[in-house]
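**Student:** What follows is each chain in one-letter form.
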Amino acid sequence: MKAQGPLFSQIPQSPTIDKVGVEERVARFQTRSIKGPSKMQGLSKVLSMIDLTTLEGKDTPNKVRQMCYKAQHLHDFHEGLPTVAAVCVYPSMVSVAREALKDSLIKIASVSTAFPSGQAPFEVKKMDTQFAIDSGADEIDMVISRGKFLEGNHSFVFDEIAAIKEICGAKRLKVILETGELATLDQVRRASDIAIHAGADFIKTSTGKIQPAATMQVTYTMLMAIRDHFDRTGKMVGMKPAGGISTSKLALHNLVMVNEILGEAWLSNEWFRFGASSLANDVLMQYMKQVTGKYQSADYFTID
Amino acid sequence: MNVLKTYKIYIGGQFPRTESGRSYLVKDANGNPIANVCQSSKKDIRNAVQAARKAFGSWSERSAFNRGQILYRIAEMLEGRKMQFIEELTQQGQSLESATNEIEICIDRIVYYAGWCDKYQQILSSVNPVNSSHFNFSMAESTGVVGILAEQNTGLLGIISQLLPVIAGGNTAVLIASEQLPLCAITFAEVLETSDVPAGVVNILTGSPEEMLPTLAEHMDVNAIFLSNVDKEMEKSTQLSAVDNLKRVIVKNDDWTQENAQGINYISSFQEIKTTWHPIEQIGGATNSY
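As they're listed, the protein sequences go chains A and B. Number 38 in my numbering belongs to position 38 of the first sequence; there are no gaps in the numbering. Number 87 in my numbering belongs to position 87 of the second sequence; there are no gaps in the numbering.
Note that these hints are calculated values from the structure, not bench results. All values derive from a computational prediction rather than experimental measurement. Please note that the accuracy of each hint is not assured.
As the list claims (entries may be wrong) - When the alpha-carbon atoms are kept at most 20 Å apart in a straight line, the in silico EDC-like pairs for lysine to aspartate or glutamate are as follows: (1) Lys-294(A) to Glu-211(B); (2) Lys-274(B) to Asp-138(A); (3) Lys-294(A) to Glu-19(B); (4) Lys-289(A) to Glu-211(B); (5) Lys-249(A) to Glu-19(B); (6) Lys-70(A) to Asp-299(A).
Taking the hints into account, I'd like the entire structure generated from these sequences.
**Tutor:** Next up, the structure:
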């Protein structure tokens, strides 16, 4: 590591996680009932926080173009809806997305570092990241080396994140922990602390390829890591739960949790995102249910 | 000790209590309480429609013969529990003779519609003569999710007579039972559950039609509504609510005890006719020499 960069040895010891306590706390967030105008506001906020995602082997330029169109025109039948925060694609699709979004305010996030497994030589990971940035990505979603992490080689993970952050420069870096592979909440907390200290602008739960993905327990643990870091240093870090959040209800519960753990400052798409592909339509249907008073059908909303 | 049954509702192959937590008391002819029954709400309608939509794809694509087998199985299961249904009907005030008669008609009617499953398609479909180089044919496709308000004056007969043609035709159903005679509806759900009917194909709710029907009729994911023997006002308001997604509102004011209150026309009411124009090289291609 270069002398001016962050140091692995500076990471404070991670607290152990009381799993039962986390489950009870999380269960309480899920009992909140949000109705009427608050629900409308919440749903609108959720829409504006979505990273509309397509990360499939079968992705084609046209699929990406179509998704970029949807990102800008969620449901044109109703005026005043926000756009999503960003689209999230593979590096090879970034230039397509850039062209499709032109000068729109919607950001382009690119996964990198041999997403989703992260099993590639370090040089390849760096090239992957550089390629995404050169193609026009605004944000980089990297994966950590879970194998190394589970082996106990935490400094390797730390150095990798720090090196990728250096390539990113001012572009925001989201670090995917892939919590479904980390086995325990203690490990999730440790990985969060490592990522935050290595320079992550956001920490993100999952790739979406592994189950379980963004459970509320995991998100809660990561939010606590962000809060402890903020209390200690005054620096904000963003949070992005991804994978498995497909209903409005779950999304609203997540917002409640963020608000109560981190506070209102985090309730914007600058600091909180949902990584999702099918969530947008469910939120739109719930939103239109509030507007019209009638339960909606997926037949009247765009597929992509 | 006499163990009283808890009558719950039937959604997606499960027997949950109503989301609203409400219930109402059903009394026998002498005013003695028989059971507490779920008073379902709008949210139960929402959940039921969701379950019905989920079940629709595989049910409509199932082979016609297999649908027939499953429907026949419903009749077999109902036959086995005949006495329970007769007892429930008499508890609710019917004479033994009338109750026995009603259940027998029900069983016959299920067998009748089981037989139709692999036959209506041939009758509703056609090859059409057209004046161009096309092989032109029409066939029936299931309408989708059908909302049924069961006839309110019967405990089971209305349910069977309205539900069977709907599911025989590959549709899935959300059914609101008779408010005053709800016992058989839930016992019938138990019959469905043990008859290989896939979860979500039939969903049964008990409670107030005035409260639930508008939600069902307005629901954008419901494709047709089936009413029987309702007053003109309810018919009109249902039609108005159904306008937004142009859902069909089918009204049949039959006396369901009659033998002619069944037939292919009850099935075809919940079918959409799709016509295909398939290009061929010559008009002659569609003749015997083809």
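**Student:** Now tell me if each hint is right for this structure.
**Tutor:** Results of checking the hints against the structure:
In summary, the hint linking Lys-294(A) to Glu-211(B) is supported, as the alpha carbons are separated by about 14 Å, within the 20 Å threshold. Between Lys-274(B) and Asp-138(A), the direct Cα distance comes to roughly 48 Å. Violation of the 20 Å bound is thereby established for this hinted pair. At most 20 Å may separate the alpha-carbon atoms for a hinted pair to count; Lys-294(A) and Glu-19(B) meet this at roughly 18 Å. Between Lys-289(A) and Glu-211(B) the CA atoms are separated by roughly 18 Å; this keeps the pair inside 20 Å, and the hint holds.
Taking the CA atoms of Lys-249(A) and Glu-19(B), the gap is about 16 Å. The hint holds against a cut of 20 Å. Straight-line distance between C-alpha atoms of Lys-70(A) and Asp-299(A) comes to about 16 Å, which keeps the hinted pair within the 20 Å bound.
Checked against the numbered hints listed earlier, the structure breaks hint 2 alone; every other hint is satisfied.
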